[in-house]
Amino acid sequence: MRPRLMGRFVVALVVMLGLGLGGYHVASGSPAKASRLASQQPKYGGVLTQGFQNDLATLDPAIAYDWDNWPVVKMVFDGLLDYNSGTKIVPRIAARMPKVTDGGRVYTFSLRHNVHFTNGRLVTAADAAYTINRVLSPATKSPGASFYLDIKGAPQVVAGKAKTASGIKVLNKFTVQFTLIKPDVTFLNEMAMNFAYIVPKEVVQKEGANFGHKPVGTGPFIMKQWVPGQKIVFVRNPHYFIKGDPYLSGVTLEIGLNPSVALLRLQRGQLDMLGDPIPGPDFLSIKNNPKYKNMLVREVEPETSYIAMNTRMKPFNNVLVRRAINMAIDKRRIVQLLNGRGVVANQVLPPLMPGYNPHYKGYPYNPAAAKKLLAKAGYPHGFSTQLYTLNVDPQPRIAESFQADLQQIGVKASVVPLSQATIVQKAGTPGKVPMIWSGGLAWLQDFPDPSDFYGPILGCGSAVQGGWNWPFFCDRTIDAQANKLLGMNNRTKRLAGYRSMYNKVMQQAPWVPVDNDVKYVLHGPQVHGPYWAFVHNVHTFFYEHIWKS
Amino acid sequence: MTTYIARRLLLAVLVVWGVSVLTFVLAYMVPADPARVYAGSNATAQTVAHIRQQLGLNRPLPIQYVDYVNRALHGNFGISYKLQTPVLTAIMSRFPYSAVLALAGIFVELLIGIPIGILAAVKRGSWLDHSAMGMAMLGVSAPQFWLGLILLYSFGYVWPIFPLGLAQGPTSIVLPAVTIGLGGGVWYARILRSSMLDTLSQDYVRTARAKGIRKVAVVARHALPNAISPVVTMVGLDMAYFLGGIVVVESVFGWPGIGQLAYQAIQNDDIPLIMGTVLFASVIIVLVNIVTDVLYAFLNPRIVYD
Numbered sequence: 001m002r003p004r005l006m007g008r009f010v011v012a013l014v015v016m017l018g019l020g021l022g023g024y025h026v027a028s029g030s031p032a033k034a035s036r037l038a039s040q041q042p043k044y045g046g047v048l049t050q051g052f053q054n055d056l057a058t059l060d061p062a063i064a065y066d067w068d069n070w071p072v073v074k075m076v077f078d079g080l081l082d083y084n085s086g087t088k089i090v091p092r093i094a095a096r097m098p099k100v101t102d103g104g105r106v107y108t109f110s111l112r113h114n115v116h117f118t119n120g121r122l123v124t125a126a127d128a129a130y131t132i133n134r135v136l137s138p139a140t141k142s143p144g145a146s147f148y149l150d151i152k153g154a155p156q157v158v159a160g161k162a163k164t165a166s167g168i169k170v171l172n173k174f175t176v177q178f179t180l181i182k183p184d185v186t187f188l189n190e191m192a193m194n195f196a197y198i199v200p201k202e203v204v205q206k207e208g209a210n211f212g213h214k215p216v217g218t219g220p221f222i223m224k225q226w227v228p229g230q231k232i233v234f235v236r237n238p239h240y241f242i243k244g245d246p247y248l249s250g251v252t253l254e255i256g257l258n259p260s261v262a263l264l265r266l267q268r269g270q271l272d273m274l275g276d277p278i279p280g281p282d283f284l285s286i287k288n289n290p291k292y293k294n295m296l297v298r299e300v301e302p303e304t305s306y307i308a309m310n311t312r313m314k315p316f317n318n319v320l321v322r323r324a325i326n327m328a329i330d331k332r333r334i335v336q337l338l339n340g341r342g343v344v345a346n347q348v349l350p351p352l353m354p355g356y357n358p359h360y361k362g363y364p365y366n367p368a369a370a371k372k373l374l375a376k377a378g379y380p381h382g383f384s385t386q387l388y389t390l391n392v393d394p395q396p397r398i399a400e401s402f403q404a405d406l407q408q409i410g411v412k413a414s415v416v417p418l419s420q421a422t423i424v425q426k427a428g429t430p431g432k433v434p435m436i437w438s439g440g441l442a443w444l445q446d447f448p449d450p451s452d453f454y455g456p457i458l459g460c461g462s463a464v465q466g467g468w469n470w471p472f473f474c475d476r477t478i479d480a481q482a483n484k485l486l487g488m489n490n491r492t493k494r495l496a497g498y499r500s501m502y503n504k505v506m507q508q509a510p511w512v513p514v515d516n517d518v519k520y521v522l523h524g525p526q527v528h529g530p531y532w533a534f535v536h537n538v539h540t541f542f543y544e545h546i547w548k549s
Numbered sequence: 001m002t003t004y005i006a007r008r009l010l011l012a013v014l015v016v017w018g019v020s021v022l023t024f025v026l027a028y029m030v031p032a033d034p035a036r037v038y039a040g041s042n043a044t045a046q047t048v049a050h051i052r053q054q055l056g057l058n059r060p061l062p063i064q065y066v067d068y069v070n071r072a073l074h075g076n077f078g079i080s081y082k083l084q085t086p087v088l089t090a091i092m093s094r095f096p097y098s099a100v101l102a103l104a105g106i107f108v109e110l111l112i113g114i115p116i117g118i119l120a121a122v123k124r125g126s127w128l129d130h131s132a133m134g135m136a137m138l139g140v141s142a143p144q145f146w147l148g149l150i151l152l153y154s155f156g157y158v159w160p161i162f163p164l165g166l167a168q169g170p171t172s173i174v175l176p177a178v179t180i181g182l183g184g185g186v187w188y189a190r191i192l193r194s195s196m197l198d199t200l201s202q203d204y205v206r207t208a209r210a211k212g213i214r215k216v217a218v219v220a221r222h223a224l225p226n227a228i229s230p231v232v233t234m235v236g237l238d239m240a241y242f243l244g245g246i247v248v249v250e251s252v253f254g255w256p257g258i259g260q261l262a263y264q265a266i267q268n269d270d271i272p273l274i275m276g277t278v279l280f281a282s283v284i285i286v287l288v289n290i291v292t293d294v295l296y297a298f299l300n301p302r303i304v305y306d
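Residue numbers (my numbering), protein chains in the order written: chain B, 1 to 549; chain U, 1 to 306.
If you are wondering where the hints come from, they were derived from the structure by calculation, not from laboratory data. Note that the coordinates shown come from a computational prediction; the quantities given were computed from them, not determined experimentally. Any given hint could be a false lead.
Claimed, not checked - What follows is a list of derived Cβ distance ranges for each label pair: (1) U/W146 / B/K182: 43 to 51 Å; (2) B/K224 / U/P160: 23 to 31 Å; (3) U/G169 / B/L122: 19 to 27 Å.
Stated by the list, open to error - Straight-line distance between alpha carbons at most 20 Å, and here's what the computed DMTMM-like set of lysine to aspartate or glutamate pairs gives: (4) B/K484 / B/D184; (5) B/K99 / B/D82; (6) B/K141 / U/D33; (7) B/K426 / U/D33; (8) B/K371 / B/D330; (9) U/K215 / U/D203; (10) B/K432 / U/D33; (11) B/K412 / B/D452; (12) B/K141 / B/E202.
Claimed, not checked - If you want the ones that stay clear, here's a sample from chain B, every Cβ over 10 Å from chain U, calculated: (13) V106; (14) R121; (15) K141; (16) A145; (17) K161; (18) P228; (19) F283; (20) R332.
Ideal placement from N, C-alpha and C gives every residue a C-beta, glycine not left out.
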């Protein structure tokens with residue numbers, strides 16, 4: 001082979017090896033991502049320092065339920081299942097994907113025989129059973145209990161009438177079986193959530209409520225020290241069951257850092273990576289500076305920011321009004337207001353969500369047509385209403401942009417900025433809030449399945465006091481379709497079904513989908529890894545795939 | 001004196017009780033759902049309802065308050081919803097940092113305030129006096145967060161003499177202490193100047209000068225001890241305020257004190273932690289004020305308490 005061809009062959013081989021080793025998933029290609037995928041030989045060693053403003057709540061996987069905690073919980077724990085570099089579920093502590101029988105009701109997991117907790121004890125099927133029963137137990141006060149209510153006997157455990165769910169069975173030392181009351185293909189996603197990360201019973205019982213600050217798991221790192229409000233120190237697990245992981249010898253999270261100060265520390269080389277978003281005033285200068293080109297990782301977040309219209313309050317109980325509002329909003333201006341930290345959204349699902357329809361056009365921006373539609377709805381002179389919004393910048397400014405758009409079609413919307421707690425409480429109260437901009441409070445996925453963007457925020461069951469279905473939308477036909485799709489095993493048909501279902505939702509227009517936020521992570525030049533290790537769709541930071549030079 | 005202290009302590013109990021009632025009522029008047037805070041924003045309404053029941057938040061408010069007071073009297077201030085840690089443990093782990101910062105800040109205040117205040121009084125009407133009072137105006141007007149960021153940027157980033165935030169090593173205290181001290185110190189200078197001018201015009205000071213005692217001795221031994229009382233009051237007030245946490249300075253510098261803890265508790269609607277930090281601060285303020293008042297009697301024998 002000629003030298004020039006040989007050189008190209010070697011580069012191609014190395015790229016292919018790199019892709020194969022990590023199971024890389026290029027969700028949306030770009031030169032920056034391609035350059036990260038191209039071969040850089042990972043190095044072992046080094047401690048990664050990352051800055052956060054707020055302290056973590058807990059490392060107890062049964063309790064942690066926010067996106068700051070989850071990637072860190074994943075450092076210490078593993079579940080039966082996990083995700084690859086994208087949204088594909090893969091076995092982790094399970095030796096292989098579970099056997100699914102009885103029409104999708106029974107899931108039988110076989111565990112690996114070589115997984116140990118960091119206290120040395122072997123992980124068995126009894127631990128997996130204990131973990132889920134613990135999440136269901138009212139004594140744990142786990143916010144994740146509702147994800148496992150479809151397991152037979154689970155409601156009785158939640159109600160305190162049983163200690164264990166009858167549908168969770170330990171068949172032998174390394175085999176555990178879960179029986180559901182009805183088929184639910186999202187059960188695999190739920191078993192990949194942090195709530196299902198395996199915990200050792202004897203340590204939980206010994207530490208009690210303090211387990212979250214003295215966690216013992218099977219993960220790639222061991223928590224060595226937690227100084228409240230200052231730092232959390234992790235060291236490499238030398239006996240981790242996935243050989244070769246992790247690369248780093250440790251991770252130190254520095255807590256209490258104002259984001260502006262964290263940026264200064266990173267620029268001074270005193271910090272390796274920012275845990276919080278780049279401060280607003282500095283964002284454009286960082287983004288446009290070629291010096292940071294290879295240190296900035298970008299990805300669309302699995303969330304949708306939207307204006308919710310209360311379908312049970314006049315005049316938003318009229319679908320023509322809701323469609324008119326959809327056509328009146330200039331979404332490109334919002335992306336400009338966000339300095340490019342967003343992409344225009346035209347549907348319920350975000351782009352990286354399975355089931356997203358790239359061909360769906362949505363409602364066009366057309367104020368003239370919106371005005372005509374409003375007249376057809378019986379409001380030729382418009383109407384007055386209120387638009388609630390979070391009172392943290394830039395949300396009030398964005399709400400004012402909507403206000404100006406609505407003014408053009410005769411809708412006088414007064415902006416009502418409120419604190420997070422107040423707005424969540426009011427929006428979840430029937431008959432209280434006619435319109436609300438969800439910016440800063442937008443729905444971020446629990447797991448990468450299209451059902452997660454229906455049930456909790458658009459389904460009939462969530463149109464209740466205290467729920468997150470802020471339009472109080474309930475269409476029984478769509479609800480029935482959603483329930484049917486939960487049990488559908490054929491993935492292609494299922495995703496096609498969700499595309500059709502969400503089309504129907506958009507025809508009813510309870511929302512104006514405005515944008516999908518874009519996440520930017522800044523790290524130092526000494527930090528390396530595939531781009532998905534910094535902006536993973538589910539885990540955000542995939543620490544075991546990051547390394548330092 | 002003993003009767004006075006006993007009376008003040010009794011009043012202190014009433015004050016702290018009043019603060020606890022007011023804080024409790026205000027915390028629950030805010031339309032935030034503590035169960036939602038605990039469960040997380042994505043939790044279903046049913047999960048939130050379960051947790052509300054498990055935390056006892058569906059009981060009538062007076063019963064919740066009585067239960068809270070009963071537990072507090074036994075040293076149990078509840079568990080922080082966000083930190084999942086006993087409130088008292090969280091506060092006491094941060095208190096040493098607030099205490100060190102308070103002492104360092106007051107030290108810088110005195111280091112700046114006393115010399116400048118004396119000089120300004122002694123050299124009244126001179127360029128030194130005018131400059132000192134001009135600086136005082138600037139120091140009092142400069143917001144702490146602005147001053148802190150300027151100092152951090154200048155001496156932590158541009159000329160990296162001091163650490164860039166956090167409590168890492170003994171030199172970490174310098175910039176936060178100077179941020180506090182600059183603003184407070186020039187205020188002390190103003191107060192001391194005013195008090196010194198008043199004292200320097202007293203007959204006994206004129207007599208001392210007439211006797212031929214050196215000027216330095218007149219100022220240091222005759223004027224200053226009588227003029228310092230307002231500064232002692234300010235130190236007492238500042239100590240009480242700082243020990244409860246200096247929110248702005250701690251947040252700018254990432255200093256892990258009670259102020260930062262309280263700020264995050266408010267941001268997170270973490271009611272047990274809000275109650276705990278407010279009560280802690282009120283107890284500190286009340287106790288330090290009692291100590292300051294008692295100290296007066298030792299510093300100035302003319303002051304007698306019944």
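Hints, one by one, checked against the model:
{"no.": "1", "hint": "U/W146 / B/K182: 43 to 51 Å", "result": "60 Å, violated"}
{"no.": "2", "hint": "B/K224 / U/P160: 23 to 31 Å", "result": "28 Å, holds"}
{"no.": "3", "hint": "U/G169 / B/L122: 19 to 27 Å", "result": "43 Å, violated"}
{"no.": "4", "hint": "B/K484 / B/D184", "result": "9 Å, holds"}
{"no.": "5", "hint": "B/K99 / B/D82", "result": "16 Å, holds"}
{"no.": "6", "hint": "B/K141 / U/D33", "result": "16 Å, holds"}
{"no.": "7", "hint": "B/K426 / U/D33", "result": "10 Å, holds"}
{"no.": "8", "hint": "B/K371 / B/D330", "result": "14 Å, holds"}
{"no.": "9", "hint": "U/K215 / U/D203", "result": "15 Å, holds"}
{"no.": "10", "hint": "B/K432 / U/D33", "result": "16 Å, holds"}
{"no.": "11", "hint": "B/K412 / B/D452", "result": "34 Å, violated"}
{"no.": "12", "hint": "B/K141 / B/E202", "result": "19 Å, holds"}
{"no.": "13", "hint": "V106", "result": "25 Å, holds"}
{"no.": "14", "hint": "R121", "result": "25 Å, holds"}
{"no.": "15", "hint": "K141", "result": "5 Å, violated"}
{"no.": "16", "hint": "A145", "result": "6 Å, violated"}
{"no.": "17", "hint": "K161", "result": "14 Å, holds"}
{"no.": "18", "hint": "P228", "result": "5 Å, violated"}
{"no.": "19", "hint": "F283", "result": "17 Å, holds"}
{"no.": "20", "hint": "R332", "result": "28 Å, holds"}
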